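Asks: Mind docking chain Z on chain A? Use the hints.
Take a look at the letters that make up each chain.
There are 2 protein chains.
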Amino acid sequence: MFGFSVSATAGAARRGEIETPHGTVRTPAFMPVGTQGTVKALQPGQVRETGTDIVLANTYHLMLRPGAERIAALGGLHAFMRWPHPILTDSGGYQVMSLSELRKVEEGGVTFRSHLDGAMVALSPERAIEIQTLLGADILMQLDECLRLPAPAAEVERAMMLSLRWAERSKRAFEATPQGRALFGIVQGGVDVALRERSARELVGMRFDGYAIGGLAVGEPQAAMFATVEATVPHLPPDRPRYLMGVGEPDDILGAVARGIDMFDCVLPTRAGRHGHAYTRFGKVNLRNARYADDARPLDAESACPAARDYSRAYLHHLVKSNEVLGAVLLSWANVAYYQALMAGIRAAVAAGNFAEFAEATRADLDAGDPTP
Amino acid sequence: MFGFSVSATAGAARRGEIETPHGTVRTPAFMPVGTQGTVKALQPGQVRETGTDIVLANTYHLMLRPGAERIAALGGLHAFMRWPHPILTDSGGYQVMSLSELRKVEEGGVTFRSHLDGAMVALSPERAIEIQTLLGADILMQLDECLRLPAPAAEVERAMMLSLRWAERSKRAFEATPQGRALFGIVQGGVDVALRERSARELVGMRFDGYAIGGLAVGEPQAAMFATVEATVPHLPPDRPRYLMGVGEPDDILGAVARGIDMFDCVLPTRAGRHGHAYTRFGKVNLRNARYADDARPLDAESACPAARDYSRAYLHHLVKSNEVLGAVLLSWANVAYYQALMAGIRAAVAAGNFAEFAEATRADLDAGDPTP
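In the order they appear, the protein sequences are chains A and Z.
Numbered as in my numbering, the first sequence ends at 373 without a single skipped number.
Numbered as in my numbering, the second sequence ends at 1373 without a single skipped number.
For reference, chain A alone in the conformation it holds in the complex (with noise of 0.2 Å):
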């Protein structure tokens, strides 16, 4: 069954753990992206190994292909993709709104053209319930509209006003599902404090096992999204997660957590490392640089993960130079396994009570840059 302890808390930085039916997420907690069923280029047991309790799926991408009730007949998304731990599904929204060229927003939900073959599509609130609830997502999130910012006040209104009635609507929806799961509902609003605010403490007079704040790491400076997540969060309930969506850096992580986040996901570990880029602790390394042709070191020394600490900086270079597989392979799984290094630091440090020293720390060592060999 779904729940959410905290065991420590360093300023609004929190410590905790969160129950699910297939085992116990430790917050801050960072979720590779597994966008169509599969974090990319990486086997369920390498990312296990970095230290992931939850992965993300996308059900835009699955329930287009290859289909929700095709994975629920397959015996659920967790044995499709071999993952038996906790999932949590986003709704859709952030990705019609992304990926489908044509899209019309009405009351009852959104119709969109598939960006695979055409296809018009439907999805409402009560369809993105039954999706995930087919997929079988630990963690469901609801449907909401997202908007591309900067987007006219009222604009963003609107959007944040439909995203509450479609809050209530999947909310009656899941509470006809299996029990155990939870649903989370989503904080639009923009960077208008006054629309967060209210979007907020809608929501929670809903009562959601947990609140993500979206809408946000679509191109806005940093600055402004701290603003919003300390805006927010005040309004949240202590006793629920917080999950701040599609985000993001090192280093916005680092701010986001002592702004009170619990809960992270990004394609950035994964997708820069099919671009040839490395995260480390000293920032990012372009492997690509012909700087790193006659590096003999690894990417960290001291990192867990094999494809950080045994391959040489030359050899990475050589596969990524070759376009070779198996430099997005150890790529990715460097950067996932830099990301969860990162969440276990913050875990660890918020339970000693010096989170502030500790991301002053990473910051300093981030900035540092890459050592001279």
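No wet-lab data here; the hints were simulated from the structure.
Keep in mind that this is a model prediction, so the values were computed, not measured.
There could be a bad hint or two in this list.
Below 20 Å or equal to it, Euclidean Cα-Cα: the simulated EDC-like pairs (lysine to aspartate or glutamate) are [stated by the list, open to error]: (1) Z/K1321 x A/E69; (2) A/K284 x A/D251; (3) A/K321 x Z/E1069; (4) A/K321 x Z/D1117; (5) Z/K1284 x Z/D1251; (6) Z/K1321 x A/D117; (7) A/K284 x A/E249.
Selected chain Z positions facing chain A (Cβ under 8 Å, derived; list incomplete) [unchecked claim]: (8) V1218; (9) D1294; (10) L1326.
For glycine and all other residues, C-beta sits at the position ideal for the given N, C-alpha and C.
Replies: Same frame as chain A, but now just chain Z:
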């Protein structure tokens, strides 16, 4: 130090062991191809897990990128690609023929235009030995001239004779390198039995550590390949390993082992894996086919390879259709594992004296095709 011993025979088929500076190779052996210093899509640990004793790496690719001198400075190819087991390098001759659009073959060697950056590059028998020594290969191959077949008889003879002169120069250059490694000569002569015999006799007179049959598996019918092998093997010494280059399909391997071949290399298992095809005991499976969309069975429940044993065909189909990297990884892994299971079966059958029965039963399974769900 290099050595070869035969422990059992069944007809012309042989069970043996090759000793190299980096360990033992059980024969008949299949060498997965690590063209650019990576068996495509696989980590070295995965390759090893399949039962692989030795991999092949390509001189042509590695000399152009990242460069043999660079790999030597980084500690050699074994360290560079993290494969501490035996490595055979080819001479570059075959890739010059197949990849370089512009090339000029002269007595001294071959000059060709790099397919990477268009630079003109020279490769002589002596330089091919130098490069393979810099890479640190356990088994080196002489430079030879490979022709596209069919070719005029006079042209086949000219190339065979040139390859013999290059063999002699390769041998001389090799004798000046560190001891313990092995150099193989390459029998050429197209599908002309008299030329093959002459090439074999002259090479044997030069006393190589092993003998390859080159210039086959370039599109000729299987019967022509088998006939050429049959005409060549009797002229090779029984106490040296015999290597049929670039072969092949499982059925080709069975037929060649029956004719006395000890070593094989082929890109098929990894190339097929990247294109959505799986090798199984019951023939090839095209996972793009919609018939697998709802198929909960693994590729082979009895396989020792997790990729073949643990994931459903439905999931593999989904990964392939979605162009996910994990699809290439899992199918390459399953395919190399299939090939190595085939070789293990061959070795056990030769040792038990029932190779003919094993080959017949294996072919019957391959022909039977994928059982109905």
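Asks: Against each hint, give a clear statement of whether it holds in the structure.
Replies: Hint by hint, here is what the structure shows:
1. Simply put, Z/K1321 and A/E69 have alpha-carbon atoms about 18 Å apart, close enough for the 20 Å limit, and the pair holds.
2. The hinted pair formed by A/K284 and A/D251 meets the criterion: a straight-line CA distance of about 12 Å does not exceed 20 Å.
3. For a cut-off of 20 Å, the pair hint linking A/K321 to Z/E1069 stands: about 18 Å separates their Cα positions.
4. The suggested pairing of A/K321 with Z/D1117 holds, with an alpha-carbon distance near 13 Å, which does not exceed 20 Å.
5. As the CA atoms of Z/K1284 and Z/D1251 are separated by approximately 12 Å, the hinted pair is consistent with the 20 Å bound.
6. With a C-alpha separation of about 13 Å, the suggested pairing of Z/K1321 with A/D117 holds against the 20 Å cut-off.
7. With a C-alpha separation of about 10 Å, the suggested pair A/K284 and A/E249 falls inside the 20 Å cut-off, and the hint holds.
8. Checking Z/V1218 against chain A: minimum C-beta separation of about 25 Å lies over 8 Å; hint violated.
9. With a cut of 8 Å, the hint placing Z/D1294 at the interface with chain A holds, because the nearest CB-to-CB distance is about 6 Å.
10. Evaluation of the Z/L1326 hint against chain A yields a held restraint, the C-beta minimum of about 5 Å falling below 8 Å.
In terms of the numbered hints stated before, the structure departs from hint 8 and from no other.
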